[in-house]
Amino acid sequence: MSTIFDYEFMRNAFYACTVVGIVAGAVGYFLVLRGQTFAGHALAHVGFPGATGAGLVGLSPFFGLTVFTVIAGIGIGLLGERAHRDVAIGIVLTLSLGLGLLFLHFYTAFASQATNVLFGNVLGINLRTVIVLAVLAVAILVALVLIARPLLFASLQPELAEARGVPINLVSTLFMVLVAFTTSEAVQIVGVLLVFALMVAPAATALRLTQGVLAGLAVSMVLAVTIAWISLSLAYLTDWPTSFWITALGTSAYLVSGIAQRSMARRQAADGRS
Amino acid sequence: MNAIEFAKVTLTYGGRRVLSDVSFSIPQGAFVGLLGANGAGKTTMLRAILGLIKPAGGAISVLDKPPTRGNADIGYMPQARRALAQTGISGLDFVLIAAGGHRWGWPVASATEKEAAWKALEAVGASDLARRPLTELSGGERQRILIAQALIGDPKLLLLDEPLISLDAAHQRTIIDLVHEIGERLGIAVLFCSHEINPLLRAVDRVLYLGNGKAAIGSVDEVINGPVLSELYGTSINVVRVAGRIFVMADDVELEGEAHVHDL
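Protein chains in written order, with numbering that gives the first Met the number 0: chain A, 0 to 273; chain B, 0 to 263.
Calculated directly from the structure, the hints in this document are not laboratory data.
There's no promise every hint is true.
[Stated by the list, open to error] Each computed SDA-like pair below joins lysine to any residue, with the alpha-carbon atoms no more than 25 Å apart:
no., chain 1, residue 1, chain 2, residue 2
1, B, K113, A, A217
2, B, K113, A, G211
3, B, K53, A, L78
4, B, K118, A, G211
5, B, K64, A, E158
6, B, K53, A, L169
7, B, K113, B, G69
8, B, K113, A, V144
9, B, K64, A, G164
10, B, K53, A, T172
11, B, K118, A, L213
12, B, K113, B, R184
13, B, K113, A, I167
14, B, K64, A, P166
15, B, K113, A, E158
16, B, K53, A, E158
17, B, K113, A, G164
18, B, K113, A, P157
19, B, K155, A, P166
20, B, K118, A, G164
21, B, K53, A, P166
22, B, K113, A, A214
23, B, K113, A, P166
24, B, K53, A, G164
25, B, K53, A, G79
26, B, K118, B, R172
27, B, K155, A, G164
28, B, K53, A, P157
29, B, K53, A, N168
30, B, K118, A, P157
31, B, K113, A, I146
32, B, K118, A, E158
33, B, K113, A, L213
34, B, K113, A, L145
35, B, K155, A, E158
36, B, K155, A, P157
37, B, K118, A, Q210
38, B, K113, A, T209
39, B, K53, A, I167
40, B, K113, A, Q210
All chains, please: the whole structure from these sequences, using the hints.
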């Protein structure tokens, strides 16, 4: 009897989803906690011309994507509060997609890969890419552990952290760099346009369901990996795109957690009254 | 010793002059209400005392030293953020992030940090709230946790930015009494920022009133009267006292807009 794991591309896809799910879940948790989810979304878009531009000059799209997202991450980090402007982010986002389109226009041979960059192609990941993703993931997680304490302080009480001497600009810039690397990892699975599904949906769900940072981080990571695994299996069974399933499951998890949260609150209110 | 001393201090915020040539001193142990309309420069003044912004002129001295960023002798409670109310983390964890948040690394609290956090929570009478998530706490309970966080590090001066915001009258009174009691017990000066006078009337030793780039300091009676406030606001001000409450009026419009009639 043949199983899903008989195929090498399926095994690689599961490896990649595990690696990226863990990182996206962890970094996404802090992203949601800091209220910077839109910045994460924007970073991915800025990566698009990076990927197509790299293709144009004969470099690996993953490399171009990462360089662009990291530069944008540093930019957002340095701008600080000033970067939190919907209009400015929206315009940069649109320009990025426009530039990406322009590069595609000059390099039509790359056009077939454009869909992969935009929507992801987890079934096309080879073992070498899995290894690159894993090494990068370990580096991201180590760095996150190193900055976690001041990051948490700066995220929850920025004014107090600043007064206590925490270098909050440095901390937030370092964090945005980690977000940038994580974004390029997530793009390999779900593509530039759907990064939210893997980085934000599981983390936001975890924040609703948990108390305490460690529990929240754990649930976020487990949820991201689980969603990716189930999505791969569903994609195998239905032949529908994996990215679609990830967005569908991410959205469902978020909605269900909202309902759960509300009924918990109602029960508590009822307990309080009795 | 003076807890805070301003000598001809000028502060700017975003290119705008917020305070010009302001001088006053607050002795150690005093409970001072920092008053003034929104935008009068209360937060800017606190940030200058914390060493986060440099004065454009004059000299500030905090506990007989120039202000320095990261001064562990100052306990600071910033204005509450709405996002905090949505955080599922517990009061204890929240206080703990301030106990060791300036160090790098993974947030696992040391025994000393836990001890400091419990001590601070006890000082505000919030030990029994500590394990509950912030989301489940009432506004007044959450303010207690924030004050506990400010007490981390055994400060010799307490700066509180609008602790009364969005609290009802009863909770406002509890918070003021609590802060007053803490200040007296520790023998430290408290600068209590508020845009409402009335809840503070019973507790403060003196008020520091900001307006129009100027400041007036003294007892409630010395500062909150027609002539002094007219000078501060740069317009004719009437101060009306009714049943132990103070109303500050300009052309019959009440300036202390937040004053609630149900506040007895």
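Quickly compare the C-alpha distance for B/K113 and A/A214 to 25 Å and report which way the hint goes.
19 Å, holds
Check whether the Cα positions of B/K113 and A/P166 lie no farther apart than 25 Å.
23 Å, holds
Does the alpha-carbon distance linking B/K118 and A/G211 stay inside the 25 Å limit?
21 Å, holds
Checking one constraint from the list: CA of B/K155 to CA of A/P157, max 25 Å. Satisfied?
With a Cα-Cα distance of about 22 Å, the restraint between B/K155 and A/P157 holds, given a limit of 25 Å.
Checking one constraint from the list: CA of B/K113 to CA of A/E158, max 25 Å. Satisfied?
Distance ~22 Å between B/K113 and A/E158 Cα, so the pair holds.
Does A/I146 lie within 25 Å of B/K113 when you go C-alpha to C-alpha?
20 Å, holds
Agreement of B/K113 and A/G164 with the hint, judged by alpha carbon distance not exceeding 25 Å
At roughly 20 Å apart (the allowed maximum being 25 Å), A/G164 and B/K113 satisfy the hint.
Hinted pair, alpha-carbon criterion (25 Å max): B/K64, A/E158. Please report holds or violated.
22 Å, holds
Could you grab the alpha-carbon distance between B/K118 and A/E158 and see if it respects the 25 Å cut-off?
Measuring from Cα to Cα gives roughly 23 Å; hence the hint holds.
Is B/K113 close enough to A/T209, meaning Cα to Cα at most 25 Å?
Status holds; Cα separation ~22 Å.
Checking one constraint from the list: CA of B/K113 to CA of A/V144, max 25 Å. Satisfied?
20 Å, holds
Pairwise hint evaluation, A/G211 against B/K113, where the allowed Cα distance is 25 Å at most
15 Å, holds
The earlier numbered hints are all upheld by this structure, with none contradicted.
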